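**Q** What follows is the residue order along each chain.
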Amino acid sequence: MIKFDRFKLANGLTVIFHKDQTTPLAVVNTLYDVGARDEKEDKTGFAHLFEHLMFGGSIHIPDFDAPLQHAGGESNAFTSNDITNYYDVLPASNIETALWLESDRMLSLAFTPKSLEVQRNVVIEEFKQRYLNQPYGDVWLELRPLAYKTHPYKWATIGKEVEHIEQATMEDVKSFFRTHYNPSNAILCIAGNFELEEVKSLVEKWFGDIPAGKKPVRMLPAEPSQEEYRQKTIERQVPADAFYYAFKMPERKDPGYYVADLISDALGRDKSSRLYVTLKKEKQLVSEIGAYITGSLDHGLLIISGKLNDGVTFEELDSALWEELNAFKANTLEESEIARLLTKIRTAKAFQDQGLLNRAMNLCIFELLGDAEGVNEEDLIYEAIKPEHMQHLAQSILNQTNCSVLNVKAIQS
Amino acid sequence: MIQPNDTTKHTSTSLDRTLQPEINQIGKIDFIKPRVFDISGQTKLYFTPDVPNETARIDLYFHAGSIHGNVGVASFVNGLILSGTATKSSTEINTAINDLGGYYESGLSNENAVITIHALRENLVAILEILSDALTHVAFHEKEVTELLADRKQKFKVNLEKVSFLAQRSFQQHLFNDQLYGRVVQESDFDAIDISMLKKFHQAHYLKGLQKVVVIGNLPQQEIDQILDITGKWTGDLNPVFAKDLSNLKGVNHQVKAGALQSAIRVGRILFNKTHADYADFLVLNTILGDYFGSRLMSNIREDKGYTYGIGSMVAELHETGYFVIGTEVGTDVRENTLKEIQFELKNLQNTLVDREELELVKNYMLGQLLKSADGPYNMTDLYMGLEPYGLSMDFYNRCIESIQQISPERIQALAQKYLNWEDMTVVSAG
Chain R
0 MIKFDRFKLA
10 NGLTVIFHKD
20 QTTPLAVVNT
30 LYDVGARDEK
40 EDKTGFAHLF
50 EHLMFGGSIH
60 IPDFDAPLQH
70 AGGESNAFTS
80 NDITNYYDVL
90 PASNIETALW
100 LESDRMLSLA
110 FTPKSLEVQR
120 NVVIEEFKQR
130 YLNQPYGDVW
140 LELRPLAYKT
150 HPYKWATIGK
160 EVEHIEQATM
170 EDVKSFFRTH
180 YNPSNAILCI
190 AGNFELEEVK
200 SLVEKWFGDI
210 PAGKKPVRML
220 PAEPSQEEYR
230 QKTIERQVPA
240 DAFYYAFKMP
250 ERKDPGYYVA
260 DLISDALGRD
270 KSSRLYVTLK
280 KEKQLVSEIG
290 AYITGSLDHG
300 LLIISGKLND
310 GVTFEELDSA
320 LWEELNAFKA
330 NTLEESEIAR
340 LLTKIRTAKA
350 FQDQGLLNRA
360 MNLCIFELLG
370 DAEGVNEEDL
380 IYEAIKPEHM
390 QHLAQSILNQ
400 TNCSVLNVKA
410 IQS
Chain U
0 MIQPNDTTKH
10 TSTSLDRTLQ
20 PEINQIGKID
30 FIKPRVFDIS
40 GQTKLYFTPD
50 VPNETARIDL
60 YFHAGSIHGN
70 VGVASFVNGL
80 ILSGTATKSS
90 TEINTAINDL
100 GGYYESGLSN
110 ENAVITIHAL
120 RENLVAILEI
130 LSDALTHVAF
140 HEKEVTELLA
150 DRKQKFKVNL
160 EKVSFLAQRS
170 FQQHLFNDQL
180 YGRVVQESDF
190 DAIDISMLKK
200 FHQAHYLKGL
210 QKVVVIGNLP
220 QQEIDQILDI
230 TGKWTGDLNP
240 VFAKDLSNLK
250 GVNHQVKAGA
260 LQSAIRVGRI
270 LFNKTHADYA
280 DFLVLNTILG
290 DYFGSRLMSN
300 IREDKGYTYG
310 IGSMVAELHE
320 TGYFVIGTEV
330 GTDVRENTLK
340 EIQFELKNLQ
350 NTLVDREELE
360 LVKNYMLGQL
370 LKSADGPYNM
380 TDLYMGLEPY
390 GLSMDFYNRC
400 IESIQQISPE
410 RIQALAQKYL
420 NWEDMTVVSA
430 G
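Quick mapping for you: the protein sequence lines, in order, are chains R and U.
Anchor point for the first sequence: position 276 equals 275 in numbering that gives the first Met the number 0, and the numbering is continuous, going up by one each time.
Anchor point for the second sequence: position 342 equals 341 in numbering that gives the first Met the number 0, and the numbering is continuous, going up by one each time.
Hints may contain errors.
Unchecked claim - With a Cα cut of at most 30 Å, we get these calculated BS3-like pairs of lysine-lysine: (1) R:173 <-> U:304; (2) U:199 <-> U:156; (3) R:247 <-> R:2; (4) U:156 <-> R:270; (5) R:231 <-> U:152; (6) R:159 <-> U:256; (7) R:385 <-> R:247; (8) R:280 <-> U:198; (9) R:159 <-> U:304; (10) R:408 <-> U:161; (11) R:280 <-> U:256; (12) U:199 <-> U:142; (13) R:18 <-> U:199; (14) U:152 <-> R:280; (15) R:173 <-> R:231; (16) U:152 <-> R:113.
Calculated directly from the structure, the hints in this document are not laboratory data.
Everything numeric in this text was worked out from a predicted model, so none of it was measured.
If we strip away everything but chain R, and leave its shape as in the complex, we get (with noise of 0.2 Å):
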């Protein structure tokens, strides 16, 4: 149980504090509510290079990450295709120095062109580092636009390609900021061991007085139901033949959106689940597989991804694969190994919320999903979660026309 309190600015800046008085470190931590499916088709990779420039300087302080680390403290952030989220974690006498600084870059950038210069090459540098330079590195920006023909996500987080980064420009950045960044947009979250006066007290110090600004209003193109079967190869320089399936799911906000991710451990979460069992200990097609959810707040994906052994065809897999999500389909699953998948949802989950960072995390997540109190509701979704449940969603997802597949075939350089 994750307890917290709620309370909201004039500016329209909600706030989260979560109280722990177990430890001597603090948590700050600031959800924007904007991601890449925020960005024009014409200009991607936008949502991150922002959050990169957001270390750049602030309005009255040149640097951020100096006077954090002052305080003993650090920062970081990240970006995905739904949010940006960035987070202090420092020692809790100190706290005033994180609020001081995420007030500032609220309130606004310094926009010094040296920033924008070196962090669109080292954005650069990034795409190259983990999606252009590692084998199988750039299948998510083959596999996205596969899947999704007109929303956004058909787009991955870094961009669609780095002349994207390139080309970005000043006005673009200041014109992002103005835009998304303002209190109205944002979720702060404040853990540690402090009081709810202290807390409301100096977050109305820091925050109080920065501009509202407007909530944009978000109007993204729905993907229209899938209707066929597609498929893609690709030939790389890669030692192994790999693939991956990907399925549209139901969105997060959706109480099927639970009943997917179940699914997806029961086929490929570990060593006990069916595609592992079946199709690599018992049939010996694969050297890997598993199965996973992108965990997008629109409808995302279910995938089942892997390696094939050596002098295995993407044909032989293909209808290994099929044979045993269709047997899936066919029956409902045993008590039992529903009541393993929960057990091990709910050991991850304990884990996780020992982490003071993690709660204040999943507090502004949920707060932005609608409200925060839903961090403590999960185990209970997937503990209602029925045989029946499963099915009934394998047969409306796990389809040839809701499926998108993109084999990569290894070639010699």
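With chain R fixed as given, assemble chain U onto it according to the hints.
**A** Okay, now just chain U, sitting in the frame of chain R:
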């Protein structure tokens, strides 16, 4: 919705946003050591019961590191622990552990192997019993061995496509410059493995190779007694000799990888571990150079030049020695420039005193990070386990706090002059 009261409103209108709020210094950290139990002879169990939730963890350390046995054998045996016994298949074993919500991991370093289970405390001992049966009676079925070797060979080939892997591998060879510590697996080694080698290794290094056990979780004493019983049968008189006097091959070595967009770089040297008098002070120098986001290397090579997504340095420890390493991946066209800049930063620390402001920042940062490393039972236990191989007590960290607080720019310069000479470094790159 809460209306702000007048007092705070008044404060906010007179806010000077250019001034950092007052900083409080970290004074003291209460370091708590685990309880220690004898398993047998030299082999101990370390137990931290003060966990305020239902989680628990056990680590089993074995003298089964990669310096032992023929090349590759340690790694393959490590990967086969749950591969099945005469009566149970690997799937049955994994499923029994998963039924109880257990997360099994195994890892390998030069000097030891570790098996870790994360679980809810109510299930920890039951999972350990399943593991105990599996580990004690591994049958090394031919099908399982063949499968693991094929999987590992495929992974190995994938890794050969990564410049970071190539550079790390070359660094290990040149840094340790030693028949055991510096050896790396080659593709042909996968074919030279036979089952009897694996069995022999398992017999010597697991069944009689237990080094220590760590338990974290709110477990009753009775369960600790059960764990002592279960693990007691794996102790023996194995007393491995760890390398003491390693010396790195100096000079520059580049491995070409056609088509690479980035080059991976490693620069480093043999150094020391926590037992050395200069260790704590060197950590301050290392932090300034490359161990935080505002470090000299990050500021210059990422934040000024934009050559890389990240660059960092660290001190790594072995039983009897240790080493220092700088690592990064940069655009292939700026590899030479990056090496020049790294060299410049080392020289600069040797030639110019660190200014007070930067040093003050690094001191505060390090103390804050130490507070973080000691936060909660898991971190606190890991902190202690970082001392255990060297027979040091928790007082070591109090001494570290003092060293950090007292160190002078002159001392840092002297350490840079002593330990950061470019001529003493092993420099490798791939890409």
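**Q** All the hints need checking, so say for each whether the structure fits it.
**A** Each hint, compared with the structure:
Simply put, residue 173 of chain R and residue 304 of chain U have alpha-carbon atoms about 23 Å apart, close enough for the 30 Å limit, and the pair holds. Simply put, residue 199 of chain U and residue 156 of chain U have alpha-carbon atoms about 27 Å apart, close enough for the 30 Å limit, and the pair holds. With a C-alpha separation of about 34 Å, the suggested pair residue 247 of chain R and residue 2 of chain R falls outside the 30 Å cut-off, and the hint is violated. Distance check on the hinted pair: residue 156 of chain U and residue 270 of chain R sit about 23 Å apart at the alpha-carbon level, within 30 Å; holds.
With a C-alpha separation of about 27 Å, the suggested pairing of residue 231 of chain R with residue 152 of chain U holds against the 30 Å cut-off. Between the alpha carbons of residue 159 of chain R and residue 256 of chain U the distance comes to roughly 26 Å, so the proposed pair stays at or under 30 Å and holds. Straight-line distance between C-alpha atoms of residue 385 of chain R and residue 247 of chain R comes to about 21 Å, which keeps the hinted pair within the 30 Å bound. A threshold of 30 Å between alpha carbons decides the hint, and for residue 280 of chain R with residue 198 of chain U the separation of about 22 Å falls inside it, so the pair holds.
At most 30 Å may separate the alpha-carbon atoms for a hinted pair to count; residue 159 of chain R and residue 304 of chain U meet this at roughly 24 Å. A distance of roughly 18 Å separates the Cα atoms of residue 408 of chain R and residue 161 of chain U; the hinted pair therefore holds under the 30 Å criterion. For the hint pairing residue 280 of chain R with residue 256 of chain U, the CA-to-CA distance comes to about 35 Å; that exceeds 30 Å, so the pair is violated. Of the supplied pair hints, the one linking residue 199 of chain U and residue 142 of chain U holds, its CA atoms being roughly 18 Å apart against a limit of 30 Å.
At most 30 Å may separate the alpha-carbon atoms for a hinted pair to count; residue 18 of chain R and residue 199 of chain U exceed this at roughly 54 Å. In summary, the hint linking residue 152 of chain U to residue 280 of chain R is supported, as the alpha carbons are separated by about 17 Å, within the 30 Å threshold. Our distance criterion of 30 Å between C-alpha atoms is broken by residue 173 of chain R and residue 231 of chain R, whose separation comes to about 39 Å. For the hint pairing residue 152 of chain U with residue 113 of chain R, the CA-to-CA distance comes to about 46 Å; that exceeds 30 Å, so the pair is violated.
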